[in-house]
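Peer 1: Residue numbers (our numbering), protein chains in the order written: chain V, 269 to 771; chain F, 2 to 102.
Just so you know, the hints here were simulated from the structure itself, not pulled from any lab data.
Here the structure is a predicted model, which is why all the values come from computation and not from measurement.
We put the beta carbon where it would ideally sit given N, CA and C, even for glycine.
Certain hints may be false.
To be verified - Derived coverage of chain V by chain F (criterion: at least 3 residues anywhere in the stretch with Cβ under 8 angstroms from a Cβ of chain F; other residues may be distant):
no.	region
1	373-382
2	581-591
Unchecked claim - Taking lysine to any residue pairs in the SDA-like style, the calculated list, with each CA pair at most 25 angstroms apart, reads:
no.	chain 1	residue 1	chain 2	residue 2
3	V	Lys426	F	Asn63
4	V	Lys379	F	Ala82
5	F	Lys13	V	Asp389
6	V	Lys426	F	Ala12
7	V	Lys379	F	Val14
8	V	Lys388	F	Val64
9	V	Lys379	F	Glu21
10	V	Lys388	F	Asp68
11	V	Lys388	F	Leu47
12	F	Lys13	V	Ala505
13	V	Lys388	F	Asp67
14	V	Lys388	F	Ile44
15	V	Lys426	F	Ala82
16	F	Lys13	V	Pro578
17	V	Lys388	F	Glu21
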Amino acid sequence: MNDWQHNDTPVSSTMLDAWRVDSGVPPEDLDLPDGWEMVIGLEVHVELATRTKMFSPARNHFGGEPNTMVHPVCLGLPGTLPVVNGRAVELSIRVGLALNCTVQRCVFARKNYFYPDMPKDYQISQYDRPLNINGWIELPSGHRIGIERAHMEEDTGKSTHVGESGRIHDAGYSLVDYNRAGVPLLEIVSHPDIRGPEEAKAYVAELQAIVVAVGASDGKFEEGSMRVDANVSVRPAGSDELRTRCEIKNVNSLRSLGRAIQYEARRHVDLYRAGDRPVQETRHWDEEGGRTRAGRSKEQAEDYRYFADPDLVPVDPSPTWVEEIRAALPPLPRARRQALIDAGGDPASCAIAVERDLDGLALAVSAAGGDVPRSLVHIVNNLVVDGAADLDPTGFVELVRMEAGGELTSTQAKQILGEMVSSGRGPAELAVEHGFEAMDSGDLESMLDAIIADHPDEWQRFVDGEAKLQGVFTGQIMKATQGKADGKVVAQLLAQKKAIATP
Amino acid sequence: MSEPLTRQEVAKVAELAMLELSEDELITFTGQLAAVLEHAQDIDDLDVGDVPPTNHPYPLTNVFRDDVIEELDDIRTEVLAAAPESEDGQFRVPPALGEED
Numbered sequence: 269m270n271d272w273q274h275n276d277t278p279v280s281s282t283m284l285d286a287w288r289v290d291s292g293v294p295p296e297d298l299d300l301p302d303g304w305e306m307v308i309g310l311e312v313h314v315e316l317a318t319r320t321k322m323f324s325p326a327r328n329h330f331g332g333e334p335n336t337m338v339h340p341v342c343l344g345l346p347g348t349l350p351v352v353n354g355r356a357v358e359l360s361i362r363v364g365l366a367l368n369c370t371v372q373r374c375v376f377a378r379k380n381y382f383y384p385d386m387p388k389d390y391q392i393s394q395y396d397r398p399l400n401i402n403g404w405i406e407l408p409s410g411h412r413i414g415i416e417r418a419h420m421e422e423d424t425g426k427s428t429h430v431g432e433s434g435r436i437h438d439a440g441y442s443l444v445d446y447n448r449a450g451v452p453l454l455e456i457v458s459h460p461d462i463r464g465p466e467e468a469k470a471y472v473a474e475l476q477a478i479v480v481a482v483g484a485s486d487g488k489f490e491e492g493s494m495r496v497d498a499n500v501s502v503r504p505a506g507s508d509e510l511r512t513r514c515e516i517k518n519v520n521s522l523r524s525l526g527r528a529i530q531y532e533a534r535r536h537v538d539l540y541r542a543g544d545r546p547v548q549e550t551r552h553w554d555e556e557g558g559r560t561r562a563g564r565s566k567e568q569a570e571d572y573r574y575f576a577d578p579d580l581v582p583v584d585p586s587p588t589w590v591e592e593i594r595a596a597l598p599p600l601p602r603a604r605r606q607a608l609i610d611a612g613g614d615p616a617s618c619a620i621a622v623e624r625d626l627d628g629l630a631l632a633v634s635a636a637g638g639d640v641p642r643s644l645v646h647i648v649n650n651l652v653v654d655g656a657a658d659l660d661p662t663g664f665v666e667l668v669r670m671e672a673g674g675e676l677t678s679t680q681a682k683q684i685l686g687e688m689v690s691s692g693r694g695p696a697e698l699a700v701e702h703g704f705e706a707m708d709s710g711d712l713e714s715m716l717d718a719i720i721a722d723h724p725d726e727w728q729r730f731v732d733g734e735a736k737l738q739g740v741f742t743g744q745i746m747k748a749t750q751g752k753a754d755g756k757v758v759a760q761l762l763a764q765k766k767a768i769a770t771p
Numbered sequence: 002m003s004e005p006l007t008r009q010e011v012a013k014v015a016e017l018a019m020l021e022l023s024e025d026e027l028i029t030f031t032g033q034l035a036a037v038l039e040h041a042q043d044i045d046d047l048d049v050g051d052v053p054p055t056n057h058p059y060p061l062t063n064v065f066r067d068d069v070i071e072e073l074d075d076i077r078t079e080v081l082a083a084a085p086e087s088e089d090g091q092f093r094v095p096p097a098l099g100e101e102d
């Protein structure tokens with residue numbers, strides 16, 4: 269038995285044909301059978317938030333009329349020479365340090381291939397001497413993912429095919445816009461340490477948080493500021509072999525990334541179980557069809573005929589410069605999560621708060637000696653709105669204090685919080701305006717006594733154990749207080765009175 | 002690089018570089034390239050363990066420019082006028098054959 273015939277469960281020939289010829293409908297259940305695990309490495313391209321392009325002074329900006337943000341250098345016109353954007357190098361080093369990489373002397377190389385969106389017929393990239401090497405990041409789960417390298421390169425232009433069906437192989441022609449050509453990119457290559465679609469999404473989300481935190485990129489998927497290619501293979505669970513991988517391109521969202529990985533891994537497992545095996549190739553994710561399709565066979569690295577670009581001299585960041593950049597880095601997501609956890613938050617809520625960049629609110633509550641878990645409930649559930657990031661921490665601290673002190677019920681606090689975000693006003697004045705004044709529990713008790721006196725039969729049945737009548741009394745008191753009573757306090761009062769009345 | 006360079010290898014490199022070579026040219030360039038590689042082989046045989054790798058003939062590093070935009074007046078009109086074909090402010094080119102990388 270060959271090592272790849274790991275499992276003898278039969279696979280239907282129809283399904284196998286679908287996997288092989290890229291037609292047919294994929295099976296609904298894409299979970300891997302027991303005994304298999306995924307091996308995933310990701311290549312993430314990040315557009316750097318510079319004013320100008322990597323090697324030319326043309327504007328780096330998303331959108332705009334085609335071919336208005338160009339310059340002879342990024343159009344590859346004869347007689348022009350590239351000059352490195354120092355700011356792009358600095359931002360690349362920031363990311364490298366945030367990814368715990370070693371920053372080293374590095375060299376630009378030409379990657380040679382012909383495609384109309386690349387006017388020079390080579391892309392300036394880095395090959396055997398990249399800027400950042402050997403790093404890692406730690407996901408909220410605690411799992412560390414190794415970073416092989418993070419190297420600098422330039423983006424390509426955008427070509428649009430104009431043809432009858434819009435498919436690339438049809439006759440017709442293409443239109444090319446070079447606004448994006450030459451935009452500085454950092455390509456971050458992970459080790460194959462990722463074990464599933466959810467972890468892949470968590471990894472990309474963490475990278476996004478890091479590049480945004482250090483100011484290197486806006487991290488917007490929808491504008492192509494972050495683009496992900498996934499290298500996927502499978503192996504018997506627990507083994508350490510690396511089998512044939514396929515590279516999946518055209519993944520445009522985190523959701524697609526997860527779906528594409530799940531599909532591809534299942535395809536590999538089914539091929540192995542049928543005594544077949546995948547071939548190394550580039551595959552394209554088809555969002556509507558929910559499957560990957562074979563593209564052209566993967567070009568071998570040497571086919572790009574990389575060589576050091578003679579137009580550019582090496583970049584050799586001095587230790588002083590690197591340390592200056594390191595010292596100026598803001599707190600990173602991992603440290604921010606830990607700070608919140610140390611302040612008493614639960615890890616899951618802390619991860620969400622940092623992801624939404626609202627951890628500062630909870631930390632402000634913590635600094636004021638407030639109720640951090642209560643603040644996290646608001647951050648996780650009630651602040652999923654535009655403008656939440658502009659919320660005044662002082663007002664938020666005050667709101668949490670009012671709620672914790674019983675001046676506001678949780679429902680009232682939620683309503684006021686929404687209005688604080690939309691109006692920018694403080695919680696105290698909003699509470700007064702709504703008449704959400706503190707309901708003294710003494711007042712409540714006398715009102716409750718009056719209600720009990722008015723409903724002696726119901727009260728007796730409640731005392732005798734008819735629990736559903738609690739709702740009647742709660743309803744009566746809410747009616748009497750126009751909803752201002754705290755439901756928890758009412759429940760406590762009812763329980764106390766019932767205990768006294770019970771023989 | 003101890004194997005001798007073959008004509009097939011040269012043909013493949015020419016194809017990757019989109020060069021069309023005649024049979025005669027292929028023979029000529031195979032000979033010339035083989036001589037270049039032989040020279041590289043001679044250098045390979047030297048013990049250069051103490052010599053740091055050279056990335057560039059100039060002893061320069063960190064040649065940077067400031068991140069300052071240089072706007073060029075109506076660059077689009079100028080460059081599109083030089084293009085063989087254009088349409089809607091874009092360069093019009095033959096259909097791309099491969100899939101986008």
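Peer 1: Each hint should be assessed against the structure and marked as holding or not.
Peer 2: Okay, the hints, checked on the actual structure:
| no. | hint | in the structure |
| --- | --- | --- |
| 1 | 373-382 | holds (count 5) |
| 2 | 581-591 | holds (count 5) |
| 3 | V:Lys426 with F:Asn63 | violated, 30 angstroms |
| 4 | V:Lys379 with F:Ala82 | violated, 29 angstroms |
| 5 | F:Lys13 with V:Asp389 | holds, 18 angstroms |
| 6 | V:Lys426 with F:Ala12 | violated, 31 angstroms |
| 7 | V:Lys379 with F:Val14 | holds, 14 angstroms |
| 8 | V:Lys388 with F:Val64 | holds, 21 angstroms |
| 9 | V:Lys379 with F:Glu21 | holds, 21 angstroms |
| 10 | V:Lys388 with F:Asp68 | holds, 22 angstroms |
| 11 | V:Lys388 with F:Leu47 | violated, 36 angstroms |
| 12 | F:Lys13 with V:Ala505 | violated, 41 angstroms |
| 13 | V:Lys388 with F:Asp67 | holds, 23 angstroms |
| 14 | V:Lys388 with F:Ile44 | violated, 31 angstroms |
| 15 | V:Lys426 with F:Ala82 | holds, 20 angstroms |
| 16 | F:Lys13 with V:Pro578 | holds, 24 angstroms |
| 17 | V:Lys388 with F:Glu21 | holds, 19 angstroms |
Consistency with the previously given hints fails for numbers 3, 4, 6, 11, 12 and 14, ordered from lowest to highest.
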